[in-house]
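Chemist: Chain by chain, the residues run as shown.
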Amino acid sequence: MKENTIALALLSALLVTPAAAQNGDAKAELARLKPGDFPTAPIEYTVVYPAGGGMDVTARLLAKYVEKWSDHRIIVNNRTGGAGMVGHAYLATQAKPDGYTVGIIANLMWGDAMLRAQGRWTYTDLEPIGYLNSDALTWIGPTEGPYKDMSVKQLVETAKDKPGTLRVATVPGSMWDYLIEQVEANTGAKVLRVPFQGGGAGINALAGGNVDIAQGFYSEFRGLADAGKVRPIGVAASERLSFLKDTPTMNEALGGDEYQWFVIRFAVVPKGTPADRKAYLGAAIRAAMKDPELVAEYLKAGVYFDSKLTDAARMQANLNAYVEAERTFYVKTGRLK
Amino acid sequence: MFERALNAFWILLGAAAAAYAWTLGLIGASGPESGLFPFLAGLIIMGAGVLLLLRPLSENIAPDFPRGDALWRVLGVIAGLAFMAISIPFLGFAVAGFITMVILLRTVEKSSWWFSLALALVAIVVVVWLFGHILGMALPRGPWGW
Amino acid sequence: MEAVGGLLTGFGIILTLDNLFFCFLGSLIGTLVGVLPGVGPLAALALLLPITFTMTPVGGMVMLASIFYGAMYGGSTTSILLNIPGEAASVVTCLDGHQMAKQGCAGAALGIAAIGSFVAGTLGVIVMTFFAPTIAAVAIRFGPPENFALMVLGIVCTLFMITGSPVKGALMVALGFLTAAVGIDVVNGRERFTFGSIDLSAGIELLAVVIGLFGVTEVLNNVERVVKSTLVAERIRGLWPTLADWKASWRPMLRGSGLGFVLGLVPGGGPVTASFMSYALEKRLSAHPDGFGKGAIEGVAGPESANNAAVAGSIIPVLSLGIPSNAVTALLLGALVIHGVQPGPLFITQRPDLFWGIVASMYVGNVLLLLLNLPLVGLWVQFLRIPYRVLFPVVLLLSIVGVYSANKNVFDLWVMLGFGVAGYVLSKLKYDLAPFVIAFVLAPLLEQSLRQSLAMSPDGAMIFIQRPGTALMLVSSALLVALMVRRKPKGGSR
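Protein chains in written order, with my numbering: chain S, 1 to 337; chain G, 338 to 483; chain E, 484 to 977.
Chain S on its own, in the form it takes in the complex (with noise of 0.2 Å):
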């Protein structure tokens, strides 16, 4: 009897040590590379778009993982205007690379850089530090009314058919619009922008008849999506999301593999962070993301993990590769010389 609660109690040992070590682990690492002295005030992480969107609940989803990791606290900031451009600004030129500041943005900060600094500030300000996740823009079509068991590849055939028809939500000067240039450019369709300020705006008119087919991402229309009142009809992504199994991407719709455009939300600095504070900053953040509650709060949200990134070695070189697409995209499209 004793050998048995012996062995019983040797095999759970067995089984929860090496549990204990990765937290052991993960922690003595983040003791292991912190500054002597640094953190000793809160650390900012801002978020450069309103409080309650998708952006700033995955910040604040991020700090609440990364305080219990790391034992400093976190106070989430949100810098908004522009549509973004305001915080990345400051978080390009004003914000002070001491360590205490810390950007949670997308890579809608690129197309700012590019097009819209007008040379005040570029994205190599802004050092990234940690990858978090991404979102694949979705295309959605309606419940009720003419379209509304069509898909995607159908209603690209009426735009053609009956040009200047079709209603679809846009944000202007953002990926939303290029998805649609790219459609009309190889296509020959023509449809009717209907200009709003995000994303989430264009699924309520959806829902409410007021457009066609909006886009956005899985967190912003589950809701509605679930009660049926809108369906999504096509992914802008490689692969099909592993929770919208039923929904091709664009690319399987429409033939090519040109129509990919997602949100890739990630960490950065300014330049100019002490590099131990900016390994420290960026260990944190990579504790956090270890933790498996944190990455089941985040597919939850309906977002995906680009493996491309997760591997932190790899991680800016890969950003990079993609900083680059979309700059061949703007000078494709005149946007950029």
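Any given hint might turn out to be false.
With a straight-line cut-off of 20 Å between C-alpha atoms, the simulated DMTMM-like cross-links for lysine to aspartate or glutamate are [as the list claims (entries may be wrong)]:
1) S:K162 <-> E:D942
2) S:K148 <-> S:D246
3) S:K290 <-> S:E67
4) S:K34 <-> S:D276
5) S:K308 <-> S:E239
6) E:K911 <-> G:E340
7) E:K913 <-> G:E396
8) S:K96 <-> S:D37
9) E:K911 <-> G:D406
10) S:K190 <-> E:D942
11) S:K160 <-> S:D177
12) E:K777 <-> E:D915
13) E:K913 <-> G:D401
14) S:K64 <-> S:E293
15) E:K891 <-> S:D98
16) S:K290 <-> S:D311
17) S:K190 <-> S:D161
18) S:K308 <-> S:E127
19) S:K300 <-> S:E324
20) S:K148 <-> S:D161
21) E:K911 <-> G:D401
22) E:K911 <-> G:E396
23) S:K162 <-> S:D149
24) S:K153 <-> S:D257
25) S:K308 <-> S:D257
26) E:K891 <-> S:E324
27) S:K153 <-> S:E258
28) S:K160 <-> E:D942
29) E:K913 <-> G:E340
By construction, these hints were calculated from the structure, which means they are not laboratory data.
Remember, it's a predicted structure, so these values are computed and weren't measured experimentally.
For this one, chain S is given, so just place chains G and E on it according to the hints.
Modeler: Same frame as chain S, but now just chains G and E:
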């Protein structure tokens, strides 16, 4: 006299705004462009300025701007607020606020130095504690870290 | 009848010790936040969101919601006492509320504001209880053309608010439109009037404008005259509204409730728009429109009711559809998501406990706030006894923090100062500042919805006639303009 100058200012402002708005484009393929509304607004401002300027002089209002002590008080408040805006990035909220409070307290009816410094100190401490610590708002810090 | 059942469930959930505590705490914080100049519900919710992580979803949401409508109670306090708006939805309360305070009737103004808030809040929640799904289904159909028509109605109402010279009034409205155009044009993403400045590309912050135009201007005016004494020279006459006050207020309260509720539902609407339009409506309907701006209690009762009703109105789309109509409700949605709740049309069936718990908490919260605010009237009125030379620096300091809290940008302080000086100069020249503010608030929505409507219409401007709701509102606006022109037979342009 002052009002005439102001009316002239309106005319200039309206004209400049309308001109700038013109360069933004007024009407495009799908309706008004960026410039339409500001253009119309500029025109209205200009037109209003002209109408006001053309009124008989008797209808103009001579504003009773303050003189003497009253003027100093008003300028003191303006100076205090301006000082705050200029110095926050360099001194941080706490110190800039403290100095501004003292300026304001001393300008209007010259509270005693003793009282001004004491009240300013208490006020700043409470505000920084309430907003900075309790509510967690990031108030700007000076080179001394707070 | 299932609504009653749901409500009873909700009460069962809210009337527990900890949920009641959170409701009370949120109400208290909301009131204080409303009282503090410039710091509004949005800033407070953003700051306090992390605290709710450790609470249950019901507790957290109840607290956040009560902060939202609590701020509408407290916001009128500094507006009435000091002419400094507690937050943007209380700006119009400055116009008549502060005049009443100067005449010694601060208590009556504060009391009517609190009671109006209670009436509107409670009525709003009652409608929410029984009609939320129906209303939500209608609200979602509200598209850009309907928005545009509503904004046109709002601007027309603004024209009624112009006192004194119509030319100066029109100039102020046009100036409001111009100032609102500074920033990024949301319809096509282009920068307007920014001249390369990053600060300007974000637009001009509303809070900085109103605190400058009302608060700082008032301080400059007072500082000119007031020397040692307190702000209100007259004896403070009693703390309670008189019978005459009641008789004058009850209809504005009801109208404000109705108007505010509808405007809360509309995207881009909310308490701010509601308060402005209620003021304009009350002035239009009043038998003594010239009394407005000089201490008409209708000018307090209507807007203060409207902004509270708008809270209930704006929460309906959140709870019934998962759709936010303004920044604060967007934040409430985000809070739901962080708590692991999926908002959307299925929310009421998936989480009836949460849905009805929040609804029930709004009844309870309104009662708590009334019980909290009425006794505080006596306390607030005592503030007027503090010598002005001590009072105004403290209030200015709080205003600075409040304005700064909006965007954490020092530039806003310059905006506040600039508008303060401008307001000071212009008020000496008999320019009415309220139409500027209303135009500044309504112009972006008006322009955006017009251009969106035209963009989505294959037939161009015909869309305004094709949609019944829009056509109706536009015809009403035209009728109102005709009435206004007829009322001034001297031809109105001098």
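Chemist: So, for every hint listed, does it hold in this structure?
Modeler: Right, here's what the structure says about each hint:
1. S:K162 <-> E:D942: Roughly 14 Å separates the two Cα atoms, so the pair holds.
2. S:K148 <-> S:D246: holds, 16 Å
3. S:K290 <-> S:E67: Judged against 20 Å, a Cα distance of about 14 Å means the pair holds.
4. S:K34 <-> S:D276: holds, 8 Å
5. S:K308 <-> S:E239: At roughly 14 Å apart (the allowed maximum being 20 Å), S:E239 and S:K308 satisfy the hint.
6. E:K911 <-> G:E340: The given pair, whose Cα atoms are some 10 Å apart, holds under the 20 Å limit.
7. E:K913 <-> G:E396: The hint holds at about 12 Å.
8. S:K96 <-> S:D37: Between S:K96 and S:D37 the Cα gap is close to 17 Å, so the pair holds against 20 Å.
9. E:K911 <-> G:D406: holds, 18 Å
10. S:K190 <-> E:D942: Judged against 20 Å, a Cα distance of about 16 Å means the pair holds.
11. S:K160 <-> S:D177: holds, 18 Å
12. E:K777 <-> E:D915: holds, 13 Å
13. E:K913 <-> G:D401: holds, 11 Å
14. S:K64 <-> S:E293: holds, 11 Å
15. E:K891 <-> S:D98: Answer holds: E:K891 to S:D98 is near 18 Å, not above 20 Å.
16. S:K290 <-> S:D311: holds, 12 Å
17. S:K190 <-> S:D161: The hint holds at about 9 Å.
18. S:K308 <-> S:E127: Holds: S:K308 and S:E127 sit about 18 Å apart, inside 20 Å.
19. S:K300 <-> S:E324: Answer violated: S:K300 to S:E324 is near 31 Å, above 20 Å.
20. S:K148 <-> S:D161: holds, 18 Å
21. E:K911 <-> G:D401: holds, 7 Å
22. E:K911 <-> G:E396: holds, 14 Å
23. S:K162 <-> S:D149: The given pair, whose Cα atoms are some 18 Å apart, holds under the 20 Å limit.
24. S:K153 <-> S:D257: holds, 15 Å
25. S:K308 <-> S:D257: Judged against 20 Å, a Cα distance of about 18 Å means the pair holds.
26. E:K891 <-> S:E324: violated, 33 Å
27. S:K153 <-> S:E258: Roughly 16 Å between the alpha carbons, so the hint for S:K153 and S:E258 holds.
28. S:K160 <-> E:D942: Holds, because 18 Å separates the two Cα atoms, which is no more than 20 Å.
29. E:K913 <-> G:E340: holds, 11 Å
Of the numbered hints stated above, those contradicted by the structure are hints 19, 26, listed in ascending order.
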